[in-house]
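Engineer: Sequence:
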Amino acid sequence: MSSNFTGRRALRTVSAAALAISAGISAPLLLAGSAGAATSAAPATAAFSSSDHGIVYTAAPGQTNKVTVTATKSTGKVSYLIDDAVSIKAGEKCSYPDSADHTKVSCSVETLESQDPYATLLLNLGDGNDTVGYDNKGDETYYFARADLGPGKDTWKHIGGDDGNAVLGGTGDDTLTMGNYGTAAGGDGKDTIRIEQDGIAAGGNQNDVIYAEGEESIVEGGAGDDEIHGGAGRQHLKGDDGDDELHGGSGADFMYGGKGNDVLYGDSGNDTIYGNSGDDGLFGGSGQDVLSGGPGRDIVRQD
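Residues in the sequence shown are numbered from 4 upward in steps of one, following the numbering used here.
In case anyone wonders, no lab produced these hints; they're calculated from the structure.
From a predicted model like this one, the values you see are computed outputs, not experimental measurements.
Here are the simulated DSS-like pairs of lysine-lysine, each with C-alpha atoms no more than 27 Å apart in a straight line:
1) 80 x 92
2) 92 x 156
3) 96 x 69
4) 193 x 69
5) 92 x 69
6) 76 x 96
7) 156 x 69
8) 92 x 140
9) 107 x 156
10) 92 x 76
11) 140 x 80
12) 140 x 107
13) 92 x 160
14) 107 x 160
15) 76 x 160
16) 156 x 193
17) 107 x 96
18) 80 x 107
19) 107 x 69
20) 96 x 140
21) 160 x 69
22) 76 x 107
23) 76 x 140
24) 160 x 96
25) 69 x 140
26) 160 x 140
27) 80 x 160
28) 107 x 92
29) 193 x 262
30) 80 x 96
31) 193 x 160
32) 80 x 69
Given only the sequences and the hints, what does the whole structure look like? Please build it.
Structural biologist: Laid out in structure tokens, this is it:
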């Protein structure tokens, strides 16, 4: 069933690249500041990285960051206004809009002619219960942000514009709210994830709650007893390991329980529902559904 679940996503390389985060394949720069929990008066840093050809924002160990990023696009350049609750050391291609306020920096990077989308902003927030709000004023998704929120109870909130960003929650019970084309991986912890049109959400090893809206959004619950909700439009919802509960919502959804004793509700729309292994419950709801329980003692009902 994996080809049905992931086929369309191969057409969108930004999400394919972003999924490396959910597999734990983060760039070394994103992991560099995550060690150490001692409180530090050192500032966060923002500077251009020639190896990544992007702006790298790194929190100091022990900081609790409250970041707002505003992204704009002009010809041949992407700019980021980064506003935090802590002091920031401005490096190459970054400056202070107000010389008296060192909690806010403006950074710009010239974009490369690239066949594939790539990250022009890399955020590494390290330890602490961090919060990030992201406002994409230019609706630019070809050049996107990649964030590792690190250990802690972190929050990512999409403010406006198309998203296209890739976010790893890391260890802790995180809340990740993405916009269109965003990719979120919860990591270890009981995470709550929301995605929109053409988004991807990957749960971690514990009991996650994931909401998917819009056409062609994709959810993989991961290990744990997950709760997954589809919304309007066609979603691809996969429970993976654990005793999962899936709700299709309105639209013609593809639903796959995975290993475990799962319960799948098609709700409205012409759904395709597979229980896979385990003692599953499949309930089609209204619409012309295709139901297949798979191995196990299943309950299959078409309402």
